[in-house]
Amino acid sequence: MSSDNQNAPESTLLSCSSKNSVHYNENVLKADIDAVKNSSITLHQLAADAEKLLDDTFRPDPRTLLSYAEEWGGENGKRYVASAVMACSRKEYVVQVLQALGITWLTHLLFTFKTSHGNENQANDEAFTHFSMPVVGDRKSSFRGRILARDGYRCVVTGIQDEKHPMTKLDNVMLIVELEVAHIMHRGIDDSINDSSSPSYKSAVTTFDIIINFTQLSKPMFQDLDYHTSNSMMLQHDLHRAYDKFLWCLKKTEKQHVYRIKYYKNANALLPQPNDDQITFDLPNPHHIAIHAAIAEILHTSGAGKFFDDILRIYQDEYGNNSTVRSWLELEDLMRRTELLRESITQAFQSTNVR
Numbered sequence: 001m002s003s004d005n006q007n008a009p010e011s012t013l014l015s016c017s018s019k020n021s022v023h024y025n026e027n028v029l030k031a032d033i034d035a036v037k038n039s040s041i042t043l044h045q046l047a048a049d050a051e052k053l054l055d056d057t058f059r060p061d062p063r064t065l066l067s068y069a070e071e072w073g074g075e076n077g078k079r080y081v082a083s084a085v086m087a088c089s090r091k092e093y094v095v096q097v098l099q100a101l102g103i104t105w106l107t108h109l110l111f112t113f114k115t116s117h118g119n120e121n122q123a124n125d126e127a128f129t130h131f132s133m134p135v136v137g138d139r140k141s142s143f144r145g146r147i148l149a150r151d152g153y154r155c156v157v158t159g160i161q162d163e164k165h166p167m168t169k170l171d172n173v174m175l176i177v178e179l180e181v182a183h184i185m186h187r188g189i190d191d192s193i194n195d196s197s198s199p200s201y202k203s204a205v206t207t208f209d210i211i212i213n214f215t216q217l218s219k220p221m222f223q224d225l226d227y228h229t230s231n232s233m234m235l236q237h238d239l240h241r242a243y244d245k246f247l248w249c250l251k252k253t254e255k256q257h258v259y260r261i262k263y264y265k266n267a268n269a270l271l272p273q274p275n276d277d278q279i280t281f282d283l284p285n286p287h288h289i290a291i292h293a294a295i296a297e298i299l300h301t302s303g304a305g306k307f308f309d310d311i312l313r314i315y316q317d318e319y320g321n322n323s324t325v326r327s328w329l330e331l332e333d334l335m336r337r338t339e340l341l342r343e344s345i346t347q348a349f350q351s352t353n354v355r
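Once you know that position 263 of the sequence shown is 263 in the working numbering, the rest is easy, because the numbers rise by one and skip nothing.
If you're looking for bench data, these hints aren't it; they were derived computationally from the structure.
All values derive from a computational prediction rather than experimental measurement.
Where hints are given, some of them may not hold.
Lysine-lysine pairs mimicking DSS-like chemistry, simulated, CA-CA at most 30 Å apart [said to hold, decoys possible]:
| # | residue 1 | residue 2 |
| --- | --- | --- |
| 1 | Lys52 | Lys251 |
| 2 | Lys37 | Lys251 |
| 3 | Lys52 | Lys164 |
| 4 | Lys37 | Lys219 |
| 5 | Lys251 | Lys262 |
| 6 | Lys252 | Lys262 |
| 7 | Lys251 | Lys202 |
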């Protein structure tokens, strides 16, 4: 076991403050994670060892992230997660270090995705992407128009047509709506990542590093998620809102570009239904769809989604809207007292509902 500053008290290891999570990730775990990840051990053996460590040593654990790692990050993503778990075995206080790792992933990965999907989408307001030529004039109309045309002027789930559908194809249509551009996934990191003098810079860098390792997205692709047509699709308003809240997702099938709709919290009883439970469309990036689906599964099966909802509900405005925090650091600022956060999150990770 390493002789790093691992003699820190448990309260420090389990602190959920953004500052402590960043410090611990950078100064205690990162080097060991890289060492394990780059070792000669096979992925199969590494994943098996990680699962055994979690089973034998630590019951409330990040195992849910490990089980879905390959779905959203392929073999390299799974290797990163398994390496992070096994890096904890090199430390003196394995249980506490595993819990600290889980807290970091909860606050800097899952919370970031959860809150970024809850905010209004930038692509409906801005339509510039440097993956394509900038359009002079109404950029909003241009971006939405490209997605509309690509998706056949229809909601990809229900087939309901948009009001801008070419009139020659509107014969016998009983219902038309104004469809919305929905992001499949969101970038979720604010501009402080470009400003090393910002108080939230280190937190943003940590989040960026974790997300890139989990998802195995290229850095240029990740930085342009909010402006890329391959990360967008046309949806009806209610389906769009529910998708952003991870109340449903698209699960891949054995057929390429064919997806099965999966609902959570009985959302299928409230949302418009397609004629078939399988959705086919081939232009949005299937990797992005898989990432969203994996996050949805983790949020619902681990209990993390409910935990976030319970915290954010405390800070809803008079209209029931959640505060527009996009990071755990911003939530800390909103709550003003991180002690309440520490007690809440420690209690959550000691419960078998968050695993």
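So, going through the hints one by one against the coordinates:
1. Among the hinted pairs, Lys52 with Lys251 is consistent with the structure: their alpha-carbon atoms are about 28 Å apart, no more than 30 Å.
2. Among the hinted pairs, Lys37 with Lys251 is consistent with the structure: their alpha-carbon atoms are about 28 Å apart, no more than 30 Å.
3. Distance restraint check for Lys52 and Lys164: the Cα-Cα separation of roughly 56 Å exceeds the 30 Å cut-off, and the hinted pair is therefore not satisfied.
4. Between Lys37 and Lys219 the alpha-carbon distance is near 19 Å, which keeps this suggested pair within the 30 Å criterion.
5. About 7 Å separates the Cα atoms of Lys251 and Lys262, which keeps this hinted pair within 30 Å; it holds.
6. Under the criterion of a C-alpha separation no larger than 30 Å, the hint pairing Lys252 with Lys262 is consistent with the structure, at around 10 Å.
7. Of the pairs offered as hints, the one joining Lys251 and Lys202 is violated, with about 34 Å between alpha carbons and a cut-off of 30 Å exceeded.
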